[in-house]
Amino acid sequence: MLLRFEDGRSFAQGACTFLYHPATEEDVTPRIIVAVQIEGLQTETVVDTGGVYLVCDPEIADLLDVDPARGLGIAELNIRGIKVSGSLHRLSLTLLAEQGQSLELEATAFVPRLQPNEPWKLPSFMGLMGCLERLRFAVDPSTDTFYFGALDGGG
Amino acid sequence: MRRIPQKEDVRLQRTSSVSVLPSMLETRGDQRDTLAMLEVAADLNDEAAFVQAAREIDWSQRSAADFVRAVRLALAAGAHLVARHLAAQGARLYPDHPELQKMTHVLAPPRVVKANLPPVPSVRANQDWLRTHAGEYKGQWVALQDGALLAVAATASELKAHLENKDHILVTKVF
Numbered sequence: 001m002l003l004r005f006e007d008g009r010s011f012a013q014g015a016c017t018f019l020y021h022p023a024t025e026e027d028v029t030p031r032i033i034v035a036v037q038i039e040g041l042q043t044e045t046v047v048d049t050g051g052v053y054l055v056c057d058p059e060i061a062d063l064l065d066v067d068p069a070r071g072l073g074i075a076e077l078n079i080r081g082i083k084v085s086g087s088l089h090r091l092s093l094t095l096l097a098e099q100g101q102s103l104e105l106e107a108t109a110f111v112p113r114l115q116p117n118e119p120w121k122l123p124s125f126m127g128l129m130g131c132l133e134r135l136r137f138a139v140d141p142s143t144d145t146f147y148f149g150a151l152d153g154g155g
Numbered sequence: 001m002r003r004i005p006q007k008e009d010v011r012l013q014r015t016s017s018v019s020v021l022p023s024m025l026e027t028r029g030d031q032r033d034t035l036a037m038l039e040v041a042a043d044l045n046d047e048a049a050f051v052q053a054a055r056e057i058d059w060s061q062r063s064a065a066d067f068v069r070a071v072r073l074a075l076a077a078g079a080h081l082v083a084r085h086l087a088a089q090g091a092r093l094y095p096d097h098p099e100l101q102k103m104t105h106v107l108a109p110p111r112v113v114k115a116n117l118p119p120v121p122s123v124r125a126n127q128d129w130l131r132t133h134a135g136e137y138k139g140q141w142v143a144l145q146d147g148a149l150l151a152v153a154a155t156a157s158e159l160k161a162h163l164e165n166k167d168h169i170l171v172t173k174v175f
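If you're matching them up, the sequences are chains Y and F in order. Letter by letter, the first sequence follows residues 1 to 155 in our numbering. Letter by letter, the second sequence follows residues 1 to 175 in our numbering.
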C-alpha cells in the first residue's frame, strides 16, 4: 500500500524493503540500506540524510567506467570529519521499487580518489543535498519499508 | 604591501560579531583579499566563516576564474549550497565559459528524469539472500540475481571478470 495525501494525491510512487544493519565492519549503528541502480548497475546504498551528494564507492565507479576527467576535477569532501579528495559527476540514480514505480533521477555524485592499494572502507551513500533533496521519502520501521516519490509526481 | 588574511582573522569573525567582517573588508578595499579570506576559511574547513565571507563579496564584479576558484574553495569548506549558487551565478554571467557551465550542470539540484519505471521484484529476493548469508561473505564482493549467488570475489574488478554482463545483477560489497 503506497502513501497518499488526504486529497488522494500520491506521496510516494514506489516502495522497497531495506536492510537495517551497520554499514561497515567498524560501524555499530544500524543504517538504512536500499537497492538502487547507479548508471544502470544495481547495487546497495546507505540512506544518509546527514550527508551530501551520492557518494559512490570507487570500485563501483570503476565498474561503471566513470572517467574522472569528465567530472569536476579534484574536489575535497568532508566525510565523517575526514577530507577526501575525488571528483564530482552528474550520474543517473534509480530507486528500485518492489511496489509501485521505480524512479530515476540525475544526482550529483562524488567519487573518492584513492591512493594505489588504498582500500575504500565505506559503502556508497545517498546524501540529502545533491541527491535526495528533491524527493519525498518516508520510512516504516515496522516493515522495513522505504517509500519514495517525486515532488511533482515525476518525470 | 597588503597583509594576507590569516587563520586568526577567520576565527575572530566567528568569536566576535559577524558585523566585523564587512568593515575589515572595506578597510582592505581589495577584492583579492576577500578571495584569500575564502581560502583561509576553506583551509580551516570552516563552513560558517566561508558563507559569511562569500556574502560580503560583490560577485557581479568578479571574473570567471574567480568564480571557478570560489566554487572549488566552497566545496573544500563544506559550503556545498554556496558552491551550487556561485556556479549558477558564474554561469549566468559567463555563459561561454565551459568550466562554469560544467560546474553548474554537476552541482545543480537533483532532477527526476523518469518516475514511471516498472518495479523490480528481485530486489526483495536479493535482500533476503544478503540477510541470510551476509555473515559468510563479510568484506567480499558478491553478484546476485533473483536471490541466487552468481559470483564472489575480493574486489569489484575481480568480480567483473566473472560476469558476462551486469544487467539485472546486483553487485555489492557485503558488510
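Don't read these hints as lab results, they were simulated from the structure. The C-beta atom is built at its ideal place from N, Cα and C for all residues, glycine as well. One or more hints might be untrue.
Said to hold, decoys possible - A short, non-exhaustive set of chain F residues, derived as facing chain Y with CB atoms under 10 Å:
(1) His-97
(2) Glu-99
(3) Lys-138
(4) Gly-139
Inset, instruction - Double-check Glu-99/F for me: the hint is only fine if its C-beta lies closer than 10 Å to a C-beta in chain Y. - result: Since the shortest Cβ distance to chain Y is 9 Å, the answer is holds.
Legend entry - Restraint satisfaction for Gly-139/F [CB to CB of chain Y, less than 10 Å]: Given a least distance of 7 Å, the restraint on Gly-139/F holds.
Legend entry - Hint validity - Lys-138/F Cβ closer than 10 Å to any chain Y Cβ: Constraint on Lys-138/F satisfied, holds at 7 Å.
Inset, instruction - Using Cβ atoms only, decide whether His-97/F comes closer than 10 Å to chain Y, and label the hint accordingly. - result: Violated, because the Cβ-Cβ distance from His-97/F to chain Y comes to roughly 14 Å (cut-off 10 Å).
Of the numbered hints given earlier, the model fails hint 1 alone.
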